[in-house]
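Line order of the protein sequences matches chains A and B. Count the first sequence with this note's numbering and you get residues 203 to 673, in order. Count the second sequence with this note's numbering and you get residues 203 to 673, in order.
Don't take each hint at face value.
Copies of the same chain look alike in the list, so a pair counts if it works inside one copy or between any two.
Below 20 angstroms or equal to it, Euclidean Cα-Cα: the simulated SDA-like pairs (lysine to any residue) are [claimed, not checked]:
id : residue 1 : residue 2
1  : Lys652    : Thr551
2  : Lys435    : Leu544
3  : Lys650    : Thr216
4  : Lys435    : Thr542
5  : Lys650    : Arg553
6  : Lys652    : Asp218
7  : Lys621    : Ile634
8  : Lys444    : Asp363
9  : Lys444    : Ile228
10 : Lys652    : Ser217
11 : Lys422    : Glu377
In case anyone wonders, no lab produced these hints; they're calculated from the structure.
There are 2 protein chains.
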Amino acid sequence: MNFTIQNVLIPIPTSDDYTTTDVQVIDGIITAIAPGLEVVGEAINGQNKLLLPGFVNAHTHSSEMWQRGIIPPLPLELWLAQLYDFAPLDAEKVYLSALGTAVETLLTGGTTVVDHLVLIPDQELETIATAVRAYREVGIRAFIAPLIQDQSLNAGIPSGDTQQNHEAFFRSTQETLEVLEAAIKQFHDPEDGISILAAPTGIQLCSDALFTGCIELGEKYNLCLHSHLLETKAQAMLAQEKYGCTGVEHLRNLGYLSDRTSLAHCVHLTDNDIAILAETQSTVVHNPLSNLRLGSGIAPILKFRQAGVNVSFGCDGASSNDSQDLLEAIKIGSILHNTTDLEYEHWITPRQAVEMAALGGARGLNMEQEIGSVTVGKKADLVLYDLSNLSLLPRTDPIGLLVLGRPVNVVDSAWVNGKQVVRDGTVTTVDIQELRTELFQHSQWDSKGKSATVEEIEAHYRYVMGLGIFK
Amino acid sequence: MNFTIQNVLIPIPTSDDYTTTDVQVIDGIITAIAPGLEVVGEAINGQNKLLLPGFVNAHTHSSEMWQRGIIPPLPLELWLAQLYDFAPLDAEKVYLSALGTAVETLLTGGTTVVDHLVLIPDQELETIATAVRAYREVGIRAFIAPLIQDQSLNAGIPSGDTQQNHEAFFRSTQETLEVLEAAIKQFHDPEDGISILAAPTGIQLCSDALFTGCIELGEKYNLCLHSHLLETKAQAMLAQEKYGCTGVEHLRNLGYLSDRTSLAHCVHLTDNDIAILAETQSTVVHNPLSNLRLGSGIAPILKFRQAGVNVSFGCDGASSNDSQDLLEAIKIGSILHNTTDLEYEHWITPRQAVEMAALGGARGLNMEQEIGSVTVGKKADLVLYDLSNLSLLPRTDPIGLLVLGRPVNVVDSAWVNGKQVVRDGTVTTVDIQELRTELFQHSQWDSKGKSATVEEIEAHYRYVMGLGIFK
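Work out the full structure, taking the sequences as your base and the hints as a guide.
Written as structure tokens, this is what we have:
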């Protein structure tokens, strides 16, 4: 676990420049950054390479990998029905897609993943154990957020002026919280790189009691909180129907928002909502590809940043993206917002994007003091990029190329907690060829139309969203 | 030039399904598509592979590759000043960036490139000759559109209520048209895969006489026309200042719009402009990454499609993207528009995106009868994708994975006019290692602030765009 990276390019903070230096890591901690250091442990040749802190893939759902590429262009509420109709209910598949998610994250600059993990009904703890096993094998730092709800899927669509009766969820709020607490006791082990988050799906499918129960478990076990929030116009309408206020106001009133809460999406927020997120020091996880793919909208990221809200990046599940390429999420999540404000002084620079992806991600998980920058005393969650790769040539500004370009095969090495997990561009901890074979054999080429559930709920969705009669 | 691809997956037109079949190519022409064909020429194993028509990278500027990653977030008008201040004026660099552009296009599904080529002043024909040499060596089908203008750069910014005097361009309109005609005579050779387009930069930098001269050369030499059009809000304002009507109306009045005209960007159009493009059967080249990066806006692509306007995809130059990954442009150019229309029946499906990228691109170059689909009698501009690549697993809908995912290293083989130019994932016609070495040696890591010209014009730009005093 000791190594010294020699003659590596690193960005100089508070400037646009770079310096060539050595970085020393002992027992998983960055112990020195200076030119000409004594070599401790393995000597790593950093020449023509760029060293950055590992990024955080701050919101995903690993098992969606099984459905990537196949769900037709649909808005979230219908897409979700299609997703659930064909969701894999099989521990072996959960294992393989967690491996795949971790591998794609590592090979695109991520060293931490937040998996809002879809649970197999009545096998919740087994599902979590399977994901834990996969992440331990790969060696990525993992925050597993068991995806819990206590209301049925149809409850997520506004009623409008209609009367809707939603069937009860198959499990009570109390039982769901008991499952979560069992998972915390069994798997929460931050020192070993596996943490549990308390993470209700979102206001659209959860009671106040579930949110409150999660706050209590968070306090009891010292956990961070996570949730989806106001991803779609329909959810913003639903919040008004359910609470008579915005979803942000309601979560603030429940006490759910704090500097240990990260919230995925945050697309449909008012200016007052943004002020609340700033005041409570909550983190927004921006999932730009998913927001485009599902037509959810463009999150007001520049407004968040001007208000002082911490923003990080996520890929979101691979059925709504349909990838786990963190560099892609960072690129699109940066440049997308240039169209929302003519004042280019507000636009996100490549350096700022890197900071959001690394330190912003760490902050949302209460890890700001431990990871998120190449700083003496912090854990060695590091990524070394090969600047001689064709996609990063000709040589210009390395971080500009990485963020604004389309880097391919550029991660030379990655370390998590000082342990090397990528070497010479290859994940060393799992057998990638075997993973490919398994993914291939557990699937078949197919193209599906709309699912039965979509057909069932589509007319109401169209009515309440003002889309008129379905053609 | 004869080969037979065996047992390859191809999409069945007018359905969502696929079939496994053989495809036979003789003398560069697709001669048969059916299962169990007699092997003519080389037998190509198509198992676990998808065959699609080659895509068209329908708008780029190859030499911008030298500045990718380095220009700070700026709107087009300021970005352009920065671009020109540091543009490479060196034939060797033009050669290398044309090679790089072709290689990245081929490795992301493109078999045709439209290079709106920046010309070195007083070395215009040498610049074009250099790009022709590069494209011939790589073997990509190339449409070279020499970038011509007859007004100085500052003329591209609206005057608003100020008096602006623009210095004359260094060369007269007539001389510029003579250079273009010389290029046509010397290099236009469609049968050999090199075509010249008549392509004034755009209304913002060109006189009516230059447009009219290009129309005449187009008629005389049977060329297609190309131009930038209404990329930014500033250009839409400028059109009103110059012509008292929209840019589309003015080009229609000049006779520039026809089924042989392709127009890059088309972001700021009125509904009447869209009707004019439909009526004249003009093609829109959508460059989504560039439009985001430069904050130009979101082109009304769904409206174009509903009006029956042909739309294709371009990467645009690598300083405004900052890549030449055609699959990235196709993905973002598809999903971006889901945020502009709640009616998801209008959203672009992956199959439609493939058709836009291939047949749509061909149509904009008057090549619809010759390329753009896997059809008996058409030229063999084909791409074979490896569906066992990790980024296309697990197996679901192959075209969905290709368009909505983030495919990496998936192009197994590519043919242009029946000649193989990619084999086993590697471009076979040029030495990629040598190209990397050359690009590396001709450049250095650097990070630049704003250029002198940007500083000079920024105050006026901010004033006329209503951005207020520069901080």
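For each hint, the structure was consulted:
Only between protomers do lysine 652 and threonine 551 lie at most 20 angstroms apart by alpha-carbon distance; the minimum there is 13 angstroms, versus 40 angstroms within a single protomer. When the C-alpha separation of lysine 435 and leucine 544 is checked against a cutoff of 20 angstroms, the pair qualifies only between copies, where the shortest distance is 10 angstroms, while the shortest distance within a copy is 24 angstroms. In this assembly of identical chains, lysine 650 and threonine 216 lie within 20 angstroms of each other by CA distance solely across copies; the values are 15 angstroms between and 51 angstroms within a copy. For the homomeric pair lysine 435 and threonine 542, the shortest alpha-carbon distances inside one copy (18 angstroms) and between copies (13 angstroms) are both at most 20 angstroms.
Proximity of lysine 650 to arginine 553 under the C-alpha cut-off of 20 angstroms is restricted to the inter-copy arrangement: shortest distance 13 angstroms between copies versus 41 angstroms within a copy. In this assembly of identical chains, lysine 652 and aspartate 218 lie within 20 angstroms of each other by CA distance solely across copies; the values are 12 angstroms between and 49 angstroms within a copy. When the C-alpha separation of lysine 621 and isoleucine 634 is checked against a cutoff of 20 angstroms, the pair qualifies only within one copy, where the shortest distance is 18 angstroms, while the shortest distance between copies is 33 angstroms. Taking the shortest alpha-carbon separations for lysine 444 and aspartate 363, only the intra-copy value of 13 angstroms comes in at or below 20 angstroms, while the best inter-copy value is 52 angstroms.
Neither within a single protomer nor between protomers do lysine 444 and isoleucine 228 lie at most 20 angstroms apart by alpha-carbon distance, with minima of 53 angstroms and 66 angstroms respectively. In this homomeric assembly, lysine 652 and serine 217 come within 20 angstroms of each other (Cα to Cα) only across copies, at 14 angstroms, whereas the closest approach inside a single copy is 51 angstroms. Taking the shortest alpha-carbon separations for lysine 422 and glutamate 377, only the intra-copy value of 18 angstroms comes in at or below 20 angstroms, while the best inter-copy value is 80 angstroms.
Hint check: a violation occurs at hint 9 only; the rest are consistent with the structure.
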